[in-house]
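*Asks:* Please model the entire structure based on the sequences and the hints provided.
Note that the working numbering has the sequence shown beginning at 1226, numbered continuously upward.
Mixed in with the good hints, there may be bad ones.
Think about it this way: if two alpha-carbon atoms lie no more than 20 Å apart in a straight line, the pair counts; the simulated DMTMM-like pairs of lysine to aspartate or glutamate are [as the list claims (entries may be wrong)]: (1) 1266 to 1279; (2) 1266 to 1235; (3) 1228 to 1279; (4) 1231 to 1262; (5) 1228 to 1324; (6) 1266 to 1332; (7) 1231 to 1243; (8) 1231 to 1324; (9) 1329 to 1259; (10) 1266 to 1239; (11) 1329 to 1317; (12) 1266 to 1296; (13) 1266 to 1333; (14) 1298 to 1308; (15) 1228 to 1317; (16) 1266 to 1254; (17) 1266 to 1324; (18) 1266 to 1236; (19) 1329 to 1279; (20) 1266 to 1330; (21) 1231 to 1279.
In case anyone wonders, no lab produced these hints; they're calculated from the structure.
No experiment lies behind these values; they were computed from the predicted model shown.
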Amino acid sequence: MTKPWKTAVEEAADVLGDMLMQNAEGTAEHSYDDIAEAALKSGVAIILGAPPGEARLAQSARALYLQMHGEDKDAWDRLSDGERAFWSAAAEAVLATSDRALLKEMED
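*Replies:* Next up, the structure:
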């Protein structure tokens, strides 16, 4: 488990525990849906706020390149390090924008 995933799990568990304790103590009346939503949002926010993992970035760069060039799947393997770096940077920008949009969507 990567550090962001571990942190996300820990944060979600903390939120879950806090809300269950509030219910048990009678200081709040959280529904199951409220608890699930809060735990999921807290974990997902951490994952999306972290830089993409190496595997996610590499797969995204490859997919972006192949989508733009419509070449055979082996074309990616023939790219130079510089070309791969370019596509990785492009993929990182796309992922960051997509992750921010999803975080905003979660807030709405």
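*Asks:* All the hints need checking, so say for each whether the structure fits it.
*Replies:* Going through the hints against the structure:
For a cut-off of 20 Å, the pair hint linking residue 1266 to residue 1279 is broken: about 23 Å separates their Cα positions. The straight-line distance between the Cα atoms of residue 1266 and residue 1235 is roughly 13 Å, inside the 20 Å bound, and the hint therefore holds. Between residue 1228 and residue 1279 the alpha-carbon distance is near 13 Å, which keeps this suggested pair within the 20 Å criterion. Under the criterion of a C-alpha separation no larger than 20 Å, the hint pairing residue 1231 with residue 1262 is consistent with the structure, at around 19 Å.
Between the alpha carbons of residue 1228 and residue 1324 the distance comes to roughly 18 Å, so the proposed pair stays at or under 20 Å and holds. Straight-line distance between C-alpha atoms of residue 1266 and residue 1332 comes to about 9 Å, which keeps the hinted pair within the 20 Å bound. Annotation: proposed proximity of residue 1231 to residue 1243 holds, straight-line Cα distance about 18 Å (limit 20 Å). For the given pair, residue 1231 sits about 18 Å from residue 1324 by alpha-carbon distance, which is consistent with the 20 Å threshold.
The hinted pair formed by residue 1329 and residue 1259 meets the criterion: a straight-line CA distance of about 18 Å does not exceed 20 Å. With a C-alpha separation of about 12 Å, the suggested pairing of residue 1266 with residue 1239 holds against the 20 Å cut-off. In summary, the hint linking residue 1329 to residue 1317 is supported, as the alpha carbons are separated by about 18 Å, within the 20 Å threshold. Restraint check for residue 1266 and residue 1296: not satisfied, since their Cα atoms lie roughly 38 Å apart, outside the 20 Å limit.
The straight-line distance between the Cα atoms of residue 1266 and residue 1333 is roughly 12 Å, inside the 20 Å bound, and the hint therefore holds. Taking the CA atoms of residue 1298 and residue 1308, the gap is near 16 Å; set against the 20 Å cutoff, the hint holds. Between the alpha carbons of residue 1228 and residue 1317 the distance comes to roughly 18 Å, so the proposed pair stays at or under 20 Å and holds. Proposed proximity of residue 1266 and residue 1254 is supported: the alpha carbons are some 19 Å apart, at most 20 Å.
Of the supplied pair hints, the one linking residue 1266 and residue 1324 holds, its CA atoms being roughly 13 Å apart against a limit of 20 Å. Between the alpha carbons of residue 1266 and residue 1236 the distance comes to roughly 10 Å, so the proposed pair stays at or under 20 Å and holds. A hinted pair counts as satisfied when its Cα atoms are at most 20 Å apart, and residue 1329 with residue 1279 does not qualify at roughly 24 Å. About 11 Å separates the Cα atoms of residue 1266 and residue 1330, which keeps this hinted pair within 20 Å; it holds.
As the CA atoms of residue 1231 and residue 1279 are separated by approximately 16 Å, the hinted pair is consistent with the 20 Å bound.
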